[in-house]
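Novice: Please build the complex by placing chain A on the supplied structure of chain B, with the hints as guidance.
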Amino acid sequence: MTCNHELISAFLDGELEPIIVAPVTGHLLKCDSCCRKLSELAQVQSAMRERCLLPDPEGLTRSVMLAITNEKTLGNPGVAAHRVQQGSGSVRAPEMEGPSGPRTRAKE
Amino acid sequence: MSAADGILVEKAKKGDHKAFEVLVRKYQGRVASVIARTVSDRSRVQDLTQEAFIKAYRALPGFRGESAFYTWLYRIAVNTAKNWALSADRGVPISDMALEDADRVASQLHDHNTPERHLLRGELIAALNEAIAGLATVMREAIELRDIQGKSYEEIAAIMECPIGTVRSRIFRGRQEIVDRMSGYMKSGQPLGPAP
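Read top to bottom, the protein sequences are chains B and A. Following our numbering, the numbering of the first sequence begins with 1 at its first residue and continues without gaps. Following our numbering, the numbering of the second sequence begins with 1 at its first residue and continues without gaps.
A couple of the hints might just be wrong.
[Unchecked claim] Derived SDA-like pairs: lysine to any residue, alpha-carbon spacing no greater than 20 Å straight-line:
1) A:Lys-55 with B:Arg-62
2) A:Lys-13 with A:Tyr-57
3) A:Lys-13 with B:Thr-25
[Stated by the list, open to error] Computed list of chain B residues with no C-beta within reach of chain A, every gap over 10 Å:
4) Met-1
5) Thr-2
6) Cys-3
7) Ser-33
Please keep in mind that the hints were generated in silico from the structure rather than gathered at the bench. Treat the numbers as computed from the prediction; the structure is a model and nothing was measured. Ideal placement from N, C-alpha and C gives every residue a C-beta, glycine not left out.
Here chain B stands alone, though its shape is the one from the complex (with noise of 0.2 Å):
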C-alpha cells in the first residue's frame, strides 16, 4: 500500500476496519515517513488528552532503539549504557540491570 497518512491517524486510535489492520501495520513496518507521521499525531492526541507534550519525540524513539539494539549487540546490558546528543540537550540511556547483579545509578 501506499503512503496515507489518515489511515496512520486512524491507526493511532485503534480504529482501523479490520481488513487493513494488517496492511497499514505493515506498511509502518517499512515506511520511516509514515512513521515519524504516527509520533507527530500521537504528539497532539497526548497533548488533547493530557496536556502533555514531548520535546523531542524523534530523539526519545532513537535513543530507546538505540540502547535496545547495543544490549542486544553487545549481550552484555551491563554496557549498553550511553549518551545520544539531541538537540540542545542529551539523554542518557538508563543505566541497565545486567544478569550477575541488580543495577545501579549515580545519586541524583
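Specialist: Just chain A, lined up with the frame of chain B:
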C-alpha cells in the same frame, strides 16, 4: 488488545526491532504523560520515559496478552516514575520495587509541582487552545469528541450525522492542522508538563 498492537507485539517478541519502534512511537506521549504526573523535572520525564520502554522491551517475552498492551505498559510507567521519585526523595540508589510497595509509599512522595511547571503548563494550554480555536468547526468537534471525550468513530459519526469515513478524515485533518500550528512550539526544546 487491539489487532494492530497484537501484530506488533508478536513481531517484537520474535526480535523485530521495527515493530517495537512503532509501539514506542504510538505510546511514548502517553507514557510521558503518566510519568509527568509524578515527576516534574522536565528532562527527567524524557529520561524515565525511555527507561520505561527499555524495561518493557526486556519484559516483553513474559507479556501474554491477557490485558491490552497499553495497560501493561502503563503499569511499567507508573512503577518507573514511583521508583525514581522514591529514590530522589530518600537519596537512595534507585532499584526496582514491586508495584504494590511503590503504591503503599506513594503518599509519602513530595509534591513535585514548581512555579516553572505551572508557567510551562500555562504556555502549552494557551498554544494548544489557540491551535484548536483555529480549526474549522467540524474538525474541532470531531477531534474533541475523540481525544477529550473518548468517543469511538462510530459514536462520533452518529453524533455528527456523517459517515465514519468523514469522521476519520476530520480527525486526521484536525490533528494535522494542530501539528502545523504548534510545530515551532513543539520543536522549541521546551518539554511541557501535564495538567493536574
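Novice: If a hint holds in the structure, say so; if it doesn't, say that too.
Specialist: Taking the hints in turn, this is what the structure says about them:
For the proposed pair Lys-55 of chain A and Arg-62 of chain B, the alpha carbon gap of about 16 Å is at most 20 Å, so the pair holds. Taken as a hint, the Lys-13 of chain A and Tyr-57 of chain A pair is honoured in the structure, with Cα atoms around 9 Å apart against an allowance of 20 Å. Between the alpha carbons of Lys-13 of chain A and Thr-25 of chain B the distance comes to roughly 16 Å, so the proposed pair stays at or under 20 Å and holds. Every C-beta of chain A lies more than 10 Å from that of Met-1 of chain B, the closest at about 14 Å, which supports listing it as non-interface.
Even its closest Cβ contact with chain A, about 16 Å, leaves Thr-2 of chain B beyond 10 Å, as expected for a residue assigned away from the interface. Every Cβ of chain A is farther than 10 Å from the Cβ of Cys-3 of chain B; the closest lies at roughly 13 Å, confirming the non-interface assignment. With a least beta-carbon separation of about 12 Å from chain A, Ser-33 of chain B lies farther than 10 Å from that chain, consistent with its non-interface assignment.
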